[in-house]
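Put chain B on the given structure of chain A with help from the hints.
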Amino acid sequence: MKKTAVDAVIRGLKAAGVSVVCYLPDSLFKELYPALDADPDIRTIRVTNEGEGAAICGGVFLSGKRAALVMENSGLRASVEPLARMGLGAGIPVVMLMSYRGDIGENNWWAVPHGITMEPVLQALRIPYSVQRREEDIERAITDAFELAYSSYYHTAVALSGSIVR
Amino acid sequence: MKRFDCMTRLGERLSDELVILSLGASVDEWYNAAPHMREASLFQQQLGCVTPEAFGLAVGLPHRRIVSLDTDGGMMFNLGILATLGNEKPANLLVVIWDNECYQSIGGPPTHTASGTVDLAAIARGAGIKQAHTARDLETFDRLCAEGLAASEPFVIVAKVTGAVAPKLKRKHSDGREDKYIFVRHVERTEDIVIMGPSEHN
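Going down the list, the protein sequences come from chains A and B. Quick note: to get my numbering, add 6 to the position in the first sequence (first position is 1). Quick note: to get my numbering, add 1 to the position in the second sequence (first position is 1).
The following block holds chain A by itself, in its conformation from the complex:
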């Protein structure tokens, strides 16, 4: 990611009131994670799998603070069980920001399944989402995801693709 895109993500998170980020690092967001770690206004929590991160974000919601789950889109599959339980069972929302592996332009065979499964899994869970491919749209996409999550008390997601991550 370019520094300008990293900055746009962090601007969006701050504009949405986020003070906690749970993440499991990936390659497309490689430059984002150390920038989040270095930001004095954001507490980062590294997790062992994305489902654990989703549950921690749910707990942060219950405290009145705002959290985001940052990950590769394969992490969505690892998060399905806690997302279904918290979101559909209790109305505890998690906002996710994920890199879109397997999108048009993918050059790794192992990432192809991530592209095949991401949108159907989001749709199966009825999670509203947007896919962003232009840097100038990142900040608004993140604040919009939080607006809807806090109106619906349900999960939302933003996937970053195209020249933002490649």
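Calculated from the structure, these hints are not laboratory results. Hints are all accurate, no fakes.
Straight-line distance between alpha carbons at most 30 Å, and here's what the computed DSS-like set of lysine-lysine pairs gives:
id : chain 1 : residue 1 : chain 2 : residue 2
1  : B       : 131       : B       : 90
2  : A       : 20        : A       : 36
3  : B       : 173       : B       : 3
4  : B       : 90        : A       : 20
5  : B       : 3         : B       : 131
6  : B       : 90        : A       : 36
Calculated Cβ distances over 10 Å to all of chain B for the following chain A residues:
id : residue
7  : 42
8  : 47
9  : 135
10 : 137
11 : 139
12 : 143
Covered stretches of chain B (in silico footprint by chain A; criterion: 3 or more residues with CB under 8 Å from a CB of chain A, positions within the stretch not fixed):
id : region
13 : 37 to 47
14 : 53 to 62
15 : 85 to 93
C-beta atoms are modelled at their ideal positions from N, C-alpha and C, and glycine is treated no differently.
Same frame as chain A, now just chain B:
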């Protein structure tokens, strides 16, 4: 050692703490053992999520003591949270693992702790949680609760309890969604904050 007796002892020590607990018979037991904590308790329904949610709550409310009432089956569903706690070291989180060595709510088939070879407290210590202990009698459990509620580092109590459920319990009628509203409104009132506020227009 019976879980209900342990819950009664723990409940006597709690007042302004917040509790997140696991699914199954422990829900109705906690509802009856600590009736003064009903609004301050979030009854959650999933294996592997209870302690992570409690940790998230502890991160967001660092001045407040948070209690996770997890289970052997729930903790083994996501042992990774112990590594996360070992590194993050929350100063306000007490984790109690009710280890009845079975999946009680579906009739009692054994978990991996039933073999006697899997030691959850040792796993927690191996993950960097220095204060991780096993209680096999009520006095030890009670003493560990006192220590854990006063600790300034993550504290884990593995409570070895029987598979028996306390009889004639008053059932909790609310579902997960109502439980969340009750809990959130309690947190809002006691913290003087807004978590689920009004929309732009009514």
